[in-house]
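Chain order of the listed sequences is A and B.
Everything in the first sequence is counted per this note's numbering, starting at 1 for the first residue and increasing by one.
Everything in the second sequence is counted per this note's numbering, starting at 1 for the first residue and increasing by one.
If you're looking for bench data, these hints aren't it; they were derived computationally from the structure.
All C-beta atoms, glycine included, are put in the ideal place defined by N, C-alpha and C.
Careful, some of the hints might be misleading.
Claimed, not checked - What the simulated footprint calls covered on chain A by chain B, stretch by stretch (three residues with Cβ under 8 Å from a Cβ of chain B suffice, anywhere in the stretch; the number is not a length):
(1) 13-20
(2) 293-307
(3) 389-401
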Amino acid sequence: MKIKYLKGNFEFTINTEGLTGIRSSFIKRDILTIAIVLSFLSLAFFIYYYTNGIGLAYNDARSHLDIGRRVVEGLKPGLAQIGSVWLPLPHFLMIPTIWNDFFWHSGLSGAIQSMVSFVACGILIYLFLKEIGLSYFGRIFGLLIFAVNLNILYLQSTAMTELTLLATMTAGAYFILRWFKKEQLFDLLQSAFWIMISTAIRYDGWFLFVFTALTLGIYLLRRKGWKIAQGTVILFATLAGFGIVLWFLWNLLIFNDPFYFIFGPFSAHAQQQQIFEAGELLTKGNLVFSFLVYLYAVFYNTYTTIAILGFLGMVLFWKDKQIPGNIKVASLVLLAPLVFNVLALYFGHSVLFVEGLFPYTWFNVRYGMMLIPTIAIFCGYLIEKSGALKWIIISIIGFTISVSYNGKDIVTIDDALIGASGKNVAEVSTWLRGNVSGEQGYVLISAASHDAIIFSSGLPMKSFIHEGTGKYWENAVENPDKWAKWIVMRTNDTSDWTFREISDAPGFANFELVDHYPFADIYQLKKDYWGSVITTPVIGKQK
Amino acid sequence: MKKIFSILFVFFILVFSVRGNYGNPDINDLSQNEWMKNGPFELSPERGRFALTYTITENRNLYFPVNLAEFVLPDLTYRNGNYVSLFAPGVSFIVIPGYLIGKILNIAQVGTYFIISIFALSNFILIYSIAKKLGASEVSGILSALIFIFATPSFSYATTLYQHHITTFLLLFCLYLQFRFKSFFSHFITWILIASSFIVDYPNILLTFPLGVYSLTRIIRKRINGSEVKFRIDLRKLAAVAAAGIPLTLLLMYNRAAFNSPYQLSVAIPAVKSINDDGSPLFYGQSLNEDSFVRPSTNYFFKTRSIINGLYVHIVSPERGMVFFAPVVLLGTAGVSVLYKKKQGKTALLVSIAAINIVMYSMWEDPWGGWAFGSRYLIPTYAVLSLFLSLAIDYFGRRNIFRLVFLFLLNYSLFVNILGGLTTSAIPPKAEAQALSNLFGQEQKYSIDKNWNYLTQKGSKSFVYNQLFSKILSPQQYFVFIFILTSGFMGCLSLSALKMINYYFPFPQGKNENFRNINFTALFRNQ
């Protein structure tokens with residue numbers, strides 16, 4: 001750098017050759033550089049949330065970890081413990097590490113996949129923007145919109161499934177974009193593969209599968225005729241739909257009903273039915289309200305201004321005559337989460353409470369995150385095309401993000417702690433840790449209702465008799481006083497399977513209520529019966 | 001001539017509308033209903049600022065005696081045994097000349113408020129001048145400046161004691177200087193104005209940020225020459241940035257005098273909730289120990305979580321929304337692309353001021369601005385949109401659909417805002433109105449209808465009306481008189497600006513050089 005003084009002016013001259021060197025070395029290793037930076041960011045935020053104790057604020061995160069743990073430890077370990085409540089892939093991915101108590105209780109076993117997905121999703125956004133011809137500036141900007149979002153950073157630090165889903169869905173969208181550009185078979189297969197993976201994570205992936213297949217089919221039908229459309233869609237669907245077929249098969253083999261995950265007693269449908277009967281499923285049958293609710297969720301997750309700017313970017317993108325029609329068609333896939341969530345709310349398959357539309361409560365507001373990669377991509381596009389207004393957009397987004405950091409505005413944490421997702425299980429689990437730890441005997445509990453208590457108690461999985469323990473459960477609900485020393489359940493709540501099964505069991509009279517909490521009650525077998533209760537595994541290996 | 005006539009017109013309408021009572025109120029008068037609820041001090045922002053002016057001029061200090069402190073509540077703080085204003089002090093100092101002149105004429109309060117009206121008049125002139133500078137025609141410039149003054153909620157705040165017109169004046173003056181001049185002196189004044197805006201209202205530091213950046217980009221020039229990037233810094237102009245130190249030094253002096261510490265801002269001190277019988281303060285959230293509770297700084301005021309509600313309140317809600325209170329300025333958005341094609345840098349600056357204004361106050365904890373008429377925080381945005389509107393009128397003025405929409409929205413906006421200006425700003429947010437309805441068993445309005453009710457049931461707060469016209473005109477007749485006067489004048493200007501007539505009616509001379517369609521009968525035919 002040279003500095004000169006000229007008639008009242010200072011002149012700084014910077015030779016950009018050095019900077020060009022830095023730039024070209026970044027260009028050569030852009031993916032690696034991004035991966036390293038995102039990995040550090042990911043790790044830093046995991047450590048931050050782990051150390052401040054809110055890394056596992058979602059009860060669902062603890063349930064996910066417990067499902068993984070039950071595969072390797074418990075009274076009836078095995079793959080069947082994967083169950084049917086949630087799609088299986090996140091739990092399969094936990095198996096290599098979940099046997100370790102630290103990985104289980106720190107949540108790392110589930111968070112690792114979210115963290116890797118965070119890095120992967122960031123890279124995919126960058127690549128997507130590269131594929132639509134954006135400069136480095138636009139690409140990095142889009143990447144930053146995703147990577148510095150506090151809701152993303154929280155959920156990548158926890159054992160939830162959102163980030164894994166986002167990464168696989170974005171991968172599916174990225175490769176389908178490439179296919180639309182170059183029509184190379186390998187891109188189509190890669191897209192199908194990642195969409196197949198996403199279908200094994202959350203049902204959003206199923207919709208993406210249908211949405212992509214339809215987009216592909218309609219596009220090819222109009223451009224290349226029936227035969228090519230038919231062949232290509234069949235090829236795509238064979239791989240992309242493979243996970244769905246496997247899931248039906250799994251339900252048939254384990255639960256003797258291929259539709260068990262849809263209509264089973266622990267299904268989302270059953271939960272939604274309860275909410276509907278309580279008159280709280282207000283979105284059902286109301287498309288405008290469903291859209292509004294989901295829009296609010298997106299706004300809360302993206303601090304509103306970013307979503308609005310993303311929308312402007314989308315409008316510009318679709319109005320841009322320089323962008324080929326096939327690229328525009330491919331980008332429709334980015335909107336699949338929006339369509340899916342609105343339809344799921346409309347048909348009553350999903351429930352979402354947001355502040356402003358529902359009185360002072362949150363539930364599942366994290367679903368709004370599913371559009372963040374889409375918004376990031378369109379924000380990247382907007383910044384690329386906004387000319388002199390670029391710096392305004394950067395200032396506004398910078399201001400918004402800095403205020404969100406300053407105010408620690410992380411709606412997904414509120415969703416976990418304050419909303420219906422975050423019922424406080426600490427009292428019950430603390431009681432169990434203090435009174436059951438080190439004692440002989442089993443705790444009878446419904447994992448479907450109280451998995452978070454099982455996790456938070458810190459007790460080994462084999463201390464619990466739950467619905468997934470086969471004969472232990474069947475025997476214990478018949479004769480609780482012979483099999484369990486403690487019972488945890490919500491008394492008089494028939495949605496709690498333990499109460500439903502044991503309320504008329506004669507042995508239940510031999511228990512006494514030892515503590516009562518808002519979330520559950522704790523019963524202990526009267527000391528007179530302790531001598532006859534089974535306290536060690538007596539049933540051999542079960543099928 | 002056109003300009004002078006328009007300035008006189010604005011001046012007289014403001015004189016006819018400024019709120020106030022006759023007399024020089026003392027401490028005991030101020031707490032009377034005649035001055036508070038039914039008078040010019042209906043809301044705490046007016047009270048707090050006037051009280052500081054009062055105590056500076058009458059008591060020669062910055063502290064409020066207990067009875068004046070009660071008048072100021074809840075925008076009150078307590079430091080070192082003294083009650084002090086929670087507001088940035090700028091407005092209270094700026095209006096002192098008005099108070100002193102008014103006091104001589106036995107209208108101290110009216111004199112104080114009229115200083116704000118003078119700033120509003122200055123804003124009219126500045127909008128006109130900047131619009132011309134941006135390429136608008138003279139008549140469109142005048143019309144858009146009139147729209148800002150009379151067809152937006154800025155009119156309500158031109159007749160009472162709020163900071164918004166001074167803030168807008170500082171912004172517009174900076175814009176004018178930056179667009180008009182390149183000299184050291186323009187930068188020097190710009191930086192003084194930027195820093196002064198902080199003293200007028202603390203959040204202005206964010207609002208003026210784009211202006212600071214714009215000024216710096218004109219001081220530090222970038223040039224790319226092959227592989228070399230040259231930055232040339234004009235040291236003389238850079239020294240102008242130091243001018244910001246002048247107002248800031250004054251603020252430090254004020255802080256030292258008021259809080260015993262030059263770096264203590266009033267917003268970081270706990271607010272007083274009420275005053276005990278013994279004259280001691282009772283703070284929000286605690287009892288008496290003032291140091292145990294420090295209000296968090298930006299966390300407290302700005303929340304990204306509030307943006308959804310904030311945007312709703314500012315843009316579309318019937319409580320404050322621009323769509324309800326000043327829809328005519330929304331047509332200004334059409335002017336953004338017109339200017340962008342010609343002057344990208346200037347467009348960027350204007351858009352950034354409006355965007356920061358909207359985003360910032362959407363994050364604001366209380367986007368309603370308490371009890372208020374329209375979205376008072378967006379007054380700078382109305383000014384920016386008025387500038388764009390002047391260009392939109394020139395560009396789209398020949399399109400019949402634009403003419404129809406514009407004329408309709410203009411008259412609607414004038415009706416609403418003249419009604420607001422002549423009546424009251426004490427419009428509660430919807431939630432408060434509903435709570436009050438439940439409490440008193442009587443429906444409370446939270447939108448423009450509240451002003452209509454006020455006009456028909458209580459009258460007008462206009463000083464001139466109450467002193468001169470109340471015996472010969474009903475409040476409704478007075479409102480209709482002012483409305484017809486402004487609507488008529490602006491309607492005539494609109495006909496010229498929209499190229500519907502070929503002369504500047506009602507001005508006696510001058511041809512409309514933009515006029516093309518001589519055939520008056522073809523006014524509403526597509527051209």
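Now the hints, each set against the structure:
no. : hint    : result
1   : 13-20   : holds (count 6)
2   : 293-307 : holds (count 6)
3   : 389-401 : holds (count 7)
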